[in-house]
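Given the coordinates of chain A, assemble chain B onto it according to the supplied hints.
If you read the sequences in order, they're chains A and B.
Count the first sequence with the numbering used here and you get residues 5 to 217, in order.
Count the second sequence with the numbering used here and you get residues 5 to 217, in order.
Heads up, a few of these hints could be off.
One copy or any two copies: either way a pair holds, since identical chains are not told apart in the list.
[Stated by the list, open to error] The calculated lysine to aspartate or glutamate pairs, modelled on EDC-like cross-linking and capped at a C-alpha distance of 16 Å, are:
hint, residue 1, residue 2
1, 173, 191
2, 56, 201
3, 63, 201
4, 160, 138
5, 56, 31
6, 173, 188
7, 133, 180
8, 160, 35
Hint data in this document are derived by calculation from the structure and do not stem from the laboratory.
Treat the numbers as computed from the prediction; the structure is a model and nothing was measured.
Protein chains: 2
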Amino acid sequence: MAPPMLRLSYNDIHNAIARTAPRIMSEFSPDLFIAIGGGGFIPARILRTFCKVTTDGKKRNIPIQAVGLTLYESLGGIEEVVGQEVVRVQWIDFSTLGSKLKHGGLLGRHILIVDEVDDTRTTLVYTIKEMQKDINKQLEAIEDVDERERLRATTKLGIFVVHNKLKPKAGEIPADVAYFSAVDTPDVWLAYPWECETDIEEHDMLRKDNPTL
Amino acid sequence: MAPPMLRLSYNDIHNAIARTAPRIMSEFSPDLFIAIGGGGFIPARILRTFCKVTTDGKKRNIPIQAVGLTLYESLGGIEEVVGQEVVRVQWIDFSTLGSKLKHGGLLGRHILIVDEVDDTRTTLVYTIKEMQKDINKQLEAIEDVDERERLRATTKLGIFVVHNKLKPKAGEIPADVAYFSAVDTPDVWLAYPWECETDIEEHDMLRKDNPTL
Numbered sequence: 005m006a007p008p009m010l011r012l013s014y015n016d017i018h019n020a021i022a023r024t025a026p027r028i029m030s031e032f033s034p035d036l037f038i039a040i041g042g043g044g045f046i047p048a049r050i051l052r053t054f055c056k057v058t059t060d061g062k063k064r065n066i067p068i069q070a071v072g073l074t075l076y077e078s079l080g081g082i083e084e085v086v087g088q089e090v091v092r093v094q095w096i097d098f099s100t101l102g103s104k105l106k107h108g109g110l111l112g113r114h115i116l117i118v119d120e121v122d123d124t125r126t127t128l129v130y131t132i133k134e135m136q137k138d139i140n141k142q143l144e145a146i147e148d149v150d151e152r153e154r155l156r157a158t159t160k161l162g163i164f165v166v167h168n169k170l171k172p173k174a175g176e177i178p179a180d181v182a183y184f185s186a187v188d189t190p191d192v193w194l195a196y197p198w199e200c201e202t203d204i205e206e207h208d209m210l211r212k213d214n215p216t217l
Numbered sequence: 005m006a007p008p009m010l011r012l013s014y015n016d017i018h019n020a021i022a023r024t025a026p027r028i029m030s031e032f033s034p035d036l037f038i039a040i041g042g043g044g045f046i047p048a049r050i051l052r053t054f055c056k057v058t059t060d061g062k063k064r065n066i067p068i069q070a071v072g073l074t075l076y077e078s079l080g081g082i083e084e085v086v087g088q089e090v091v092r093v094q095w096i097d098f099s100t101l102g103s104k105l106k107h108g109g110l111l112g113r114h115i116l117i118v119d120e121v122d123d124t125r126t127t128l129v130y131t132i133k134e135m136q137k138d139i140n141k142q143l144e145a146i147e148d149v150d151e152r153e154r155l156r157a158t159t160k161l162g163i164f165v166v167h168n169k170l171k172p173k174a175g176e177i178p179a180d181v182a183y184f185s186a187v188d189t190p191d192v193w194l195a196y197p198w199e200c201e202t203d204i205e206e207h208d209m210l211r212k213d214n215p216t217l
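Same shape as in the complex, but just chain A (with noise of 0.2 Å):
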């Protein structure tokens, strides 16, 4: 028998992300998104619309930065497997994000990881390790302990994900990284309106079938 599917529209996740954006927003305040790509691509996009943030009294988007990892390159972005390495193929572009802000880019802000689905928690788990060092590393450069220390207190990681399958993870969030998710899925397929080849009007319609969750 096949696996459960839960088929989303384009709107369901639009509807999903602005329902949690004011949360993310009073709880977290966020300054930064990393859209983990491809899957991120398309929250981390739907969300700036919903966490635009006023300075001298103009509506600005917050900054998206993208990174990718393999581990969804070569699976098409559907499930992960446990166990998987990950390897980047792209990272947070330092070289730009350094030079216009202080500290190296990272340090004092609110950063937010974004994706679509938290399956094994695999990627999320990696990412968190993997921006964490980048903010250790910025640390050291600071010489100044007092400065420092204030620096490490307000530098927040954070992740939203669209839904958040319950199922046993592969690893742990650190009691330190916030962490919302728009949905708690159990643990079906998710087919995401982006992945639909054939008629999208049709996955729409067909999806009044999914089981009540």
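Structure of chain B alone, referenced to chain A:
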């Protein structure tokens, strides 16, 4: 009077990309996508679904690298201003792209730059020029003249935009760069679904009042 607005649903975008993908595959056959963020993130992720390549009997995704340009950041991704300076905030990650691929990662490839709209053409022309600089730098590193010319001849650049606004452009696409647009539109305000901050279902409904274009 407000300028005419063309409302677009997510499915409009999905279908426009699905319709154009076979032409992109047969005429250009891309093996690397460059998504211009944030506008190109959603089109690139959707396009990838329709451009899988088969190697060793397995369907594989074409990798996406993201680039960020401040022109978009500062203006909320909606419109360009002629003459405005473009500044990189993220560029291709050669540290990873280059280590796994011969010749620095770009040579011999068919590289498709993806964005949502070709408005004044400023960012697209900028991106093409910067990519050509990178390609030339990688070509110069090839010592064998025959191999260098073979790689020069087989490296291709292309552009895909969902919408091309039929209006005067601030720059020209070089003749050897392939160009694909899913839809050509008059110079109207394109209301993309991912920019909808209010009710996406209402946005879709009001879309029925779109002027015939």
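For this session: Determine which of the earlier numbered hints do not hold for this structure and return their numbers in increasing order.
Result: No numbers; nothing is violated.
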